[in-house]
Structures are given as C-alpha cells and as structure tokens.
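Q: Here's the letter readout for the chains.
Protein chains: 2
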Amino acid sequence: MQTIRFHLDFISPYAYLAWTQIHALADRCGAVVEVAPVLFAGLLNHHGQKGPAEIPAKRRYVFKDTLRRAILLGVPVAPPSSHPFNPLLALRAVMAAPPDAKRALVDGLFAATWGRAAVKGIDRAEVVESVARDAGLDGAALVARAAAPDVKDALRRATEDAIAAGVFGVPSMQVGAEIFWGLDSFDLLEHHLRGEDPITPELLETLLAIPSSAQR
Amino acid sequence: MQTIRFHLDFISPYAYLAWTQIHALADRCGAVVEVAPVLFAGLLNHHGQKGPAEIPAKRRYVFKDTLRRAILLGVPVAPPSSHPFNPLLALRAVMAAPPDAKRALVDGLFAATWGRAAVKGIDRAEVVESVARDAGLDGAALVARAAAPDVKDALRRATEDAIAAGVFGVPSMQVGAEIFWGLDSFDLLEHHLRGEDPITPELLETLLAIPSSAQR
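These protein sequence lines map, in sequence, to chains A and B.
So the first sequence is residues 91 to 306, counted in the working numbering.
So the second sequence is residues 91 to 306, counted in the working numbering.
Among the hints, erroneous ones may be present.
For chains that are exact copies, the list does not tell them apart, and a pair is met inside one copy or across any two.
Claimed, not checked - Keeping only pairs whose Cα atoms sit at most 20 Å apart, straight-line, the calculated EDC-like set for lysine to aspartate or glutamate is:
| hint | residue 1 | residue 2 |
| --- | --- | --- |
| 1 | K192 | D243 |
| 2 | K148 | D274 |
| 3 | K210 | E295 |
| 4 | K148 | E295 |
| 5 | K148 | E250 |
| 6 | K148 | D251 |
| 7 | K148 | E268 |
| 8 | K210 | D197 |
| 9 | K210 | D228 |
| 10 | K192 | D240 |
| 11 | K192 | D117 |
| 12 | K192 | D228 |
| 13 | K210 | D224 |
| 14 | K192 | D224 |
| 15 | K242 | E124 |
Note that these hints are calculated values from the structure, not bench results.
Predicted, not measured: the structure shown is a model, and the values here were computed from it.
All chains should be built: construct the whole structure from the sequences, respecting the hints.
A: Written out as structure tokens, the structure is:
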C-alpha cells in the first residue's frame, strides 16, 4: 500500500483545504495518509523566501482564492482569530500525539483555525488542550508533552527532512521521492498513485540541464 | 464584451501553458484576450521575492509540474536554449507590435522558448526578428522599434500598472479589477466571466481584516 506523506502547517489555508480532500483521494487510490507537521517558516527561511502573508497583494489574493475554492468544494471556512500566528505549539502537539489520534487532532486544529469551530486560536495552549480533548486525548498531558525537548527536536528534524526531500511549501504530498505541491496538484498526485504519471524522465532531465544565459 | 488582460513574461513555462489555453476559454465565455507583456523580474523586485528558478527545489518542481501539465494538455514542450534568460527584447517587441499581430507574435515567441520551434533563444535579436517575420511583420523594423525609448517606457509602465492592479506573478489574467493567477485559476476565471463567481465579499472582508498575532 502506498503512503502519502502529507506535509502541513496550520498557517496555510491551502493546507486546510487540501487536508479536507486528501483522505477521499487516498481512499480512491488505495493509499494511506501519513501526517507530517513542518514549520512553513522554516521552509521559507531555508529558501530565503517570503511567505504569501508578507506580500500584501499575494495575501489578498490567497484569501480570495481560498474562499472561492472553499465555497466550490463545500468546505466550511471562517477567519482565524489572527494571521499569521505562531503554529509551533499546535505542530508539536501533532508530533507528540499517538499515531491513531493524529487525524482527529489535525481535523480539530484546522477547524479551530480556518474552519467554523466555536473556539479558535491554536496559538493558545487552552485551545490546543480543548481540541485535543475533543479528539479523545488527555489535553493537558499532550500540551505538556509538546514542550518536551525531544518533541521540539522531532519537529525540527521533520522540517529538515522535508527540505531534504525537496519540499518548499505546504501542503506538499510526498509519495516515495515524488513531491506534489498544493491543492491544485491533486490530479497529478492521483495520476502518480495510479501508476499513470505522464512525466517523461528523459525530457525532464533535458529541462533540468538547461544552462542559464550567464553560463551560455 | 469582457476583456481578459493576459499578463505574461516568456520566462514562465506556466505563462506558455496558460497562453495555449486562454483563447479557447475566452471563446467559450465570449470574452476577448488583450496581451499585456510585463517583466516578471520587475514584479519579483517590487515584492522582494525570489523567482522559482532561483530556488533549486522549486526550479526542479516547476519543470516537473510543467512537463506533466503539458503532456496532459497535449501541448508541445521542449527545453529553451537557456533559462533564466533576458526576456526584455521579446517583451518590448510584443509591446511594439501592431495590435492585430500580437497574438501570432506571442505564439511564435513562446514556441521559440518552451515549444518545439526549429530555432530557439528569444534573447537573441536574430531569433526575435525571424519569429516576427513568420508572424507577418517586418522583423528588422520591429527589433529596431523595440529599442526605442517610448517602447521601453511602455513596458516599464505596463509592469508598474500590473503591480498597481495586484499582479505578483505570471501568468495573471485580469478582468476589470479581478486578478486570477496561474493556469490552475482557469476554472475560477471562467466562473467569474460567466457571472458565477462564488466569492462572498463579506467573508472576504472579514478574512482580510484578520489581525496578526503581533497586533492582537
């Protein structure tokens, strides 16, 4: 059975939309979803890039695009209590949660960010605690565990591993060595999982070998 | 009749793919396409952002994604002779061309960059000249005209106007004050042109008004 490693950060509305669709895609293709929290700010720092929220025109566009996509997909959306916000506690909580509870926890954390949860703001410990409780976990214990050095290290390592695998944005769906970036890559991801990836390795190598004008 | 202002730079393979699809979309919706050359590097500079070609992981991804999309769309694709390259001459030539010749000229310039034209490399005057001839123009005269100060100014102004309209990447399709970015926004562009844009202005305003954590 193929595994889709779903790299996410709660900061991204596209990660939310993609998360609401990924399990149906996995079911259709007989694949499983593995949650991989990463710090988007870490990806941006590594690549020396600004986030969409730091570019006013892009921030505006991303919110419009998210809203249009959410409405077309029938996904509930409501503003987060702040944005950008510090996602570290929520990401570490997912890292620290038992494997079989991660999906429900991520559902709850996304709902408390971009969805219509009653209580929002996952940068606050009491909100993460309450979301964890709703996911059937000991909320206080999970929040305490999220602060442990080995959990912090695990998130840092997951972010480094994602970078090493070629991830530069969220959501990114990784299948083996292949990365698919963004909600709009879902059709390509599905082709790939079905063994119908249209890519031609020879042409790809030719493209990647193009010299820049400076080198010519 | 609605007008789709198609902001393009030949540097972008997505602009190529989108260009091959935009006229069919316009025909379906009873709209017309207006060519708007812009300097992508100017957009990036304005927003303090790196281009995809400057981030190795993203460059690799973009070429893969382009290739997959091109094959699925049945669009011919072949490596440009160099990348990135200086697109100024080609952009200015489009700016200087008579309105009714722009479409054929853009077709030819894209084919000589990302398509399977026999001669490639639109950073060279002789290539632009020959593409212009194939488009029914006086190639030598167009290349000479492309170097005139008012043509250079016109490209600079078009780039500034695009930025003022909220454009941060190419291709961007502008309909009135609305911007749609990228090939993957074509479905949203079509909804918009048909008067079926799903966006809810009230929710958008709420999203745009979200404070950052720092402000809270």
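Q: Are the hints correct? Go through all of them and say.
A: Status of the hints after comparison with the structure:
1. Taking the closest pair of Cα atoms, K192 and D243 come within 20 Å of each other only inside a single copy of the chain (18 Å); across copies the shortest separation is 56 Å, beyond that limit.
2. When the C-alpha separation of K148 and D274 is checked against a cutoff of 20 Å, the pair qualifies both within a copy, at 17 Å, and between copies, at 16 Å.
3. For the identical chains of this complex, K210 and E295 are inter-copy neighbours only, at 18 Å across copies versus 46 Å inside a copy, given an alpha-carbon limit of 20 Å.
4. Taking identical chains as interchangeable, the C-alpha atoms of K148 and E295 lie at most 20 Å apart only when they sit on different chains, with a minimum of 15 Å there against 32 Å within one chain.
5. Only between protomers do K148 and E250 lie at most 20 Å apart by alpha-carbon distance; the minimum there is 16 Å, versus 26 Å within a single protomer.
6. With identical chains, the CA atoms of K148 and D251 are at most 20 Å apart between copies only, with a shortest distance of 16 Å across copies and 28 Å within one.
7. Taking the shortest alpha-carbon separations for K148 and E268, only the inter-copy value of 13 Å comes in at or below 20 Å, while the best intra-copy value is 27 Å.
8. With identical chains, the CA atoms of K210 and D197 are at most 20 Å apart within one copy only, with a shortest distance of 13 Å there and 50 Å across copies.
9. Taking CA atoms no more than 20 Å apart as the test, K210 paired with D228 passes inside one copy only; the shortest distance there is 19 Å, against 63 Å between copies.
10. Proximity of K192 and D240 under a CA criterion of 20 Å is satisfied intra-copy only: 18 Å inside one chain copy versus 60 Å between copies.
11. In this assembly of identical chains, K192 and D117 lie within 20 Å of each other by CA distance solely inside one copy; the values are 17 Å within and 47 Å between copies.
12. In this assembly of identical chains, the alpha carbons of K192 and D228 lie at most 20 Å apart only when taken from the same copy (13 Å versus 65 Å across copies).
13. Taking the closest pair of Cα atoms, K210 and D224 come within 20 Å of each other only inside a single copy of the chain (14 Å); across copies the shortest separation is 60 Å, beyond that limit.
14. Taking the closest pair of Cα atoms, K192 and D224 come within 20 Å of each other only inside a single copy of the chain (12 Å); across copies the shortest separation is 59 Å, beyond that limit.
15. Taking the shortest Cα distances, K242 and E124 sit within 20 Å of each other inside one copy (19 Å), while across copies they are farther apart (52 Å).
Of the numbered hints given earlier, the model fails none.
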